[in-house]
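Given chain R, put chains B, L and A in place with the hints provided.
Number of protein chains: 4
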Amino acid sequence: MIVVMRVDCSQQEIDAILERLRERGLAGHLSPGVERTVIGVVGHTYPELKDMLELLPGVEEVVPISKPYKLSSREFRRENTTIQVGNVTIGNGDLVVIAGPCAVETEEQVLATARAVKAAGACMLRGGAYKPSTSPYQFRGLGEDGLKILETARYETGLPIITEVMAPADVELVCRYADVLQVGARNMQNFMLLDEVGKARKPAMLKRGFANTIQEWLLSAEYILSQGNHQLMLCERGIRTFETFTRNTMDVSAIPLVKRLSHLPVLGDPSHGTGKWYLVAPLAAAAVAAGADGIMVEVHPNPDIALKDGAQSLTFENFQRLVAQVNAVAAATGRKLAIPV
Amino acid sequence: MIVVMRVDCSQQEIDAILERLRERGLAGHLSPGVERTVIGVVGHTYPELKDMLELLPGVEEVVPISKPYKLSSREFRRENTTIQVGNVTIGNGDLVVIAGPCAVETEEQVLATARAVKAAGACMLRGGAYKPSTSPYQFRGLGEDGLKILETARYETGLPIITEVMAPADVELVCRYADVLQVGARNMQNFMLLDEVGKARKPAMLKRGFANTIQEWLLSAEYILSQGNHQLMLCERGIRTFETFTRNTMDVSAIPLVKRLSHLPVLGDPSHGTGKWYLVAPLAAAAVAAGADGIMVEVHPNPDIALKDGAQSLTFENFQRLVAQVNAVAAATGRKLAIPV
Amino acid sequence: MIVVMRVDCSQQEIDAILERLRERGLAGHLSPGVERTVIGVVGHTYPELKDMLELLPGVEEVVPISKPYKLSSREFRRENTTIQVGNVTIGNGDLVVIAGPCAVETEEQVLATARAVKAAGACMLRGGAYKPSTSPYQFRGLGEDGLKILETARYETGLPIITEVMAPADVELVCRYADVLQVGARNMQNFMLLDEVGKARKPAMLKRGFANTIQEWLLSAEYILSQGNHQLMLCERGIRTFETFTRNTMDVSAIPLVKRLSHLPVLGDPSHGTGKWYLVAPLAAAAVAAGADGIMVEVHPNPDIALKDGAQSLTFENFQRLVAQVNAVAAATGRKLAIPV
Amino acid sequence: MIVVMRVDCSQQEIDAILERLRERGLAGHLSPGVERTVIGVVGHTYPELKDMLELLPGVEEVVPISKPYKLSSREFRRENTTIQVGNVTIGNGDLVVIAGPCAVETEEQVLATARAVKAAGACMLRGGAYKPSTSPYQFRGLGEDGLKILETARYETGLPIITEVMAPADVELVCRYADVLQVGARNMQNFMLLDEVGKARKPAMLKRGFANTIQEWLLSAEYILSQGNHQLMLCERGIRTFETFTRNTMDVSAIPLVKRLSHLPVLGDPSHGTGKWYLVAPLAAAAVAAGADGIMVEVHPNPDIALKDGAQSLTFENFQRLVAQVNAVAAATGRKLAIPV
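Keeping their order, the protein sequence lines are chains R, B, L and A. Numbering-wise, our numbering puts 285 at position 285 of the first sequence, and it's gapless, one number per residue. Numbering-wise, our numbering puts 196 at position 196 of the second sequence, and it's gapless, one number per residue. Numbering-wise, our numbering puts 81 at position 81 of the third sequence, and it's gapless, one number per residue. Numbering-wise, our numbering puts 216 at position 216 of the fourth sequence, and it's gapless, one number per residue.
These are calculated hints, taken from the structure and not from any lab test. The structure displayed is predicted, hence computed values, not measured ones. Hints may be right or wrong, so weigh each one.
It does not matter which identical chain is used: a pair holds within one copy or between any two.
When the alpha-carbon atoms are kept at most 20 angstroms apart in a straight line, the in silico SDA-like pairs for lysine to any residue are as follows [stated by the list, open to error]:
hint : residue 1 : residue 2
1    : 50        : 61
2    : 148       : 45
3    : 336       : 76
4    : 276       : 58
5    : 276       : 133
6    : 276       : 111
7    : 50        : 14
8    : 50        : 66
9    : 118       : 316
10   : 50        : 305
11   : 70        : 228
12   : 202       : 89
13   : 50        : 84
14   : 50        : 64
15   : 336       : 6
16   : 336       : 324
17   : 50        : 63
18   : 67        : 8
19   : 67        : 276
20   : 336       : 82
21   : 336       : 325
22   : 50        : 121
23   : 202       : 176
24   : 202       : 71
25   : 50        : 77
26   : 70        : 140
27   : 199       : 94
28   : 50        : 36
29   : 67        : 133
Excised from the complex, chain R in its bound form (with noise of 0.2 angstroms):
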C-alpha cells in the first residue's frame, strides 16, 4: 500500500502518518523527491487500512499495490487447474461443449435436447430447475421435480449434468443431483451462496455478475477457494454496457485476461451474452479463438414455445452447425473437443 500525500502537506501530517502506521505494527518507507511525498507501508496490510489512511489530513490517495485475491492468482498457482466431470476433464486443453435448455420444463423436452446435444457433440448437460427471474410473474423452475428429471438425463446418455443452486440452504439438495454446482450471475456476490459452494465437495461453476469487474469475479472465486473446494471454474456470460441491442455485452477479452491472471478454466455463455440466437456461434467461435476453455450453450427443441429465453436458444440443428463451427477453430489452433467415452 502505498500512501500518496498533498502536493502541499506538512511535515506534521507526514509524521502523524507514520505514527498512525507505528501503533498497527507497520512502518513507513518515505520516498521523498518524487513530484509528491509517497509513503511505502511496511508490513502486513489489509484493506479496511486504505479507508483509514485516506481520511487523514494531508493524503491524496493510498493506492493498494497487493491483489486482494490470493487462492485464485496465478502467482499462488502457476499450473492451469483441471477438473475431472466424469469423463470430462475440463482446463486441460481441450475444448469442452455444455448444452441443454435454459429451463427443465419437462422430461420429454430434457431427453429430446440431451440426445440432440450428445450427439453433435457436447460433453455435459446445462438445465435450470431453480431460475432466477426477474418478474415474480415469469416461470421459476420446477425445482426438486426438474432435478429428478436431470438425473434421468444423465441415466439416458451417461451426460453429466450442471445446474444452478440459488439458495444457501438448496446447495446440499442440489449436490444430490448434480455433478457441477453453478452459481448464476445474479449470485455471483450472494456471499453466504458462496461460503456453502465453498463447503460442498462438488466441481463449481462461478458466473461474472453482469456488473462486476474482473477483480471482483476473482474475490467470489477466493470466496469457494478458501472453503476448500478448488474444483472451480468460470464463466463469462456477458456485462451489462449501454448498449441495449444485445441483452448483455460479451467481454471476451476477460477469457483470455482472467486465463493470465488465474489458473482456473474460463468458459464462454455466448448465449446470455448476446441473447439473440443469430449471435450465439459467431461468438461461441470467438470465444473458442480467444482461448475459452469451453462454451456453454442454451439449446431447446422448440426455441419458440421455451418457457425461457426462447430468443437465444439454438435448434438442434443450429446446434449442430455450432459445434461444427468452433471444433474447426479449436482445431485451428492445435486444440480438440473434449468428447467423452
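This is chains B, L and A only, laid out in the frame that chain R set:
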C-alpha cells in the same frame, strides 16, 4: 404487446403469427398502412410471449406495451403508501433521517453513535450485523451478537432499528431484533430472499442494485408486495458507471422518477451513493431537493478506525451540520424533519 | 509516478528499470520491504512514461501520482474563478439561471421565450443555431440566420447570449454574435475545436461529454485554459449509463466534486441530464442544493411543436415554477438569484 | 410510429391525438382491445414526431417502428459492399490485415514498420499524423510532415495508407496523401467532419465511438453515405464500460450484428479494444472468428519507446505470430488473407 413485422414480410408470415396467437387464446389486430405492418396482440399477454414471437419468420421486433410490474405502480394505487415504524411515519411528506454506523463493531461504538445521531435529529438507527464484503478476508459482521447490540441501542435511545438481512434462512432471526428489514443492493435480485422478506410481517427497505434498472427495481419490489408485505420503502444508493472517482454514481433522478411511477416511499443513501464523506452532505441535500422521503447516512465516532466504509462515514459533527442543511432544504419546499417523540 | 514490481521480479529487472530512468534524466527511488518492491520515479515525469515502463519485464503496474491537469486544478488556483458576462457574474456564489429554446427556430419563438424567461428570473439566454443531430435527416439548426435572431433577442431584452459552436472554422463567426461560446457534450474531446475556443477571447462553457470521466473533463478544460482563455465555466449534463428510462443519468455528485478539484464555476443542465420535462425541476433543485453555480434549462413556447428536444423543454409556466423552487433552495443555503439590472 | 396510451386515458385525449396527426397530414389507426389503446401512425413519420406526441395528455409512450438509418441498412442494399483500395478489396470475404504504428514519429520508424508488417502479411499501413490526445501536454502528431512520411512509406512498400482526419478543414489536405480517411472514435459524432468526409471521394473508415450505440454508429455512417461517399467501412474498437482493467471492452458481438443490419464491411481493432499488447492477438482471433472483414493492429519497432500507446503496440515478432494465428482461424472458416500483389 405489439408485433412489428419486417418491411419485406410475406402474407404467409403474417397469417402464421395470427394462427400462433389464436392457438394461445389471443387475437391479433392488424394495423396496415403504417411504415411496416404491425400486429396488436389482443388478450392477456405474458413476458415469455415476446421471446416466442420474436423467433417467428418475418418479425422485426416485439414491443411490450404494458408495464410488467403491477402492485408497485401508481396505476394500481394512486395515493402514497405510508409506513409506520414506532413513532415514525415514512412517506407522509416529512423528511426521515436514518443514521448510524456501516457495521456494528462494539456496543460502545453503537451506543455513542445512536445517542449522537438522535441528538442531531435522526429518527431511526442503521447498523449492519451481516455485512456483504467483496473479499472473504474482510470484516463480515458480528451476526446475532451485532443484532443484540442494536437491540440495546434501541432500548437506550428509543430509536427504531433498520438492519440488513442477507440469506432467506436468516429472515426469521433478524425479524426478532429489527424494526425494518433491509435488502441490500447486492441482493436486490436474490429472489429467494425477496420471497422470504415478502412473507415477513415487518416493514422492509429494498435498495436499488448497483447495476439494475428502475424497472428491475420495481419488479423486485413486486416480489415482496406479491407475497403480502406492503410495508415497503425503496432506497436509491448509486449505480455503477464508467466514472471511478466516486464509488458509485448516485442517480438522483431516480428519486422523483420512481415517486411518479410508484406509490412507495423513496429514500436516498448518499454515503454509498458517493463513497466519499465530503460528498455526503451535498448529495443528501440534492436528494431532499429532488423529493426524497428520507435519507440514510453512515456515521461513526471515529471514521478513521471504522472496520468498514470509513471513507464515506461522517463524524458526529459533520452529521450535525448535514442535518441542519437538509432541514433547511426541506423547509424551503414546505417540509419538516420527522422527529419521534 | 510509481513502478510496482511483480512479486517474483529479479534484481536484474529492477536494475534495468533504474537504468532506463537514468537514460531519461530521471532517478528511481527504491522502497524495499513493502509487499512488493516499489520504485518511486524522481524527476519530471510525463504521461507516455507510464506506457513505456509498463512494458518492461518484471513490472506489475505503473501508478501516476500527479494529476495530469494543472491550470484547472485548485492546487494551481485556490480562489474561485468568476466570469463576467455583461452584468452577470458567474461563480461568485449567486445562482445563475440560463434558459431558452434548445434550437433557434423563428424570431417569434426566440423573442417570446427570451421575454418570458427574463420575466421569470433568467439572466442569460440559450439557443442553438448549430445543432448536433444524431441523424442527418433531423433538424440541424439555422446557422448564421439563427445567430442573427439571437442577436435581436439580446437587443430586445438585454439578456446575454450563450450558443454552441461545433467546428473550429466557425469560432470566429460565432464570436461575433455570442456572449458565451458553448462547447457541447459531443465535442468535449474535439481537440481542434478546444484549441480554437482557447484562442478566442470570449467566455466559454465546456459541457461534460456523456461518456467522459471527470479527469478527462478537466483535461479538456486544460486545452482551453492553456491557450490563454481563462473565462471558462463547466456544465454537467448527464452521462450515459445502462439506465434507459432517462435520456442520461445526471451525475449530480460531479458538481460538488469538480468544485473541490477545480476553481472553475460549475453549472447543471437538468434538461439534457434527464430528457423528461417532469424531471427538470426536481433535478434543477438538486443541482442547486449540491452547490451548482447555476443551471441551464430548455424552455419553449410550445414544447409539443418544438423542432428539437420538445420532450425535455418546459413551458413558460413550468419554468416560472422552477425558478421559484430553485430560488427557495438557494435561499435555504444563503444564496440568491443573479439577476441583471 | 406507435402511440401507446395510458390505461386511464380519455376518449377526448385520443381524439386530440388523431386531430394532431391530421394537422400534419398523417392518419391514426386505432387498435382497441389490446391491454392499452394503441394508435398506429399512418404516413411519413419523422423523429421529432416522437417528442411531440409524448408530450400530449394521455400518452404513455411513443415507439418508433422504422429504423432511422436507411442507406446503411441491409434492407436498402442486400449484397455486401466491397471497397477497392489499390490492389486490396475490402468486404469480399478475404481477411484484410491493416497494421502500423499508432502515431507517425520518424521516417525511420514508419519505414521499418511498414516493411515488417508487409513481410508478415499486412496489406495496408496505418499511422496517425493527427492524434487525438486526452491531455494538451501529450504528443499530438506531426501533422502534414507525418503525412509526407506515410507517403514515402507507400512509395517504398506499395502499401496503401489509412490515416486519421480530425477537422473538417483538414479533409482536403489529408485526401492528398491518404488512401483511406479514418474518422476516429472521438469524432464519430463530429457531424461537420462527417459531412466533409461524405463529400470527399475517398474510401473512409468510421470507427465506433467508445460510448455510442450501434444505432448511432449506423446513423453516423448515414451522414457519410448521404453525402455521396459510398466507399465506407466500419471498425469496432471497444466501448467504455465499468471494467477498468482493459482500456475498453471490445464489443465483439457488434461485428456479426452490424454485418446483419448493414451491408458495409466491418473490421475490428483489438489494440484500442483492449489497450494491452498481450490481449491483442486473442481478440484479433476472436474478431476474425466472429466474422470481421479485417483487423487493424498497432505495431511499433520498439513499443517501449513509442510516443503514443506503447502499451498496446506489438513488436514485429509478436505481429508475425498474430498474423499466423488469424490466418489459421480464417482458414478454419474457409477464408484467406487478402495480400496485395
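Check the structure against each numbered hint from earlier and tell me which ones fail, lowest number first. 2, 3, 6, 13, 15, 22, 25 and 27
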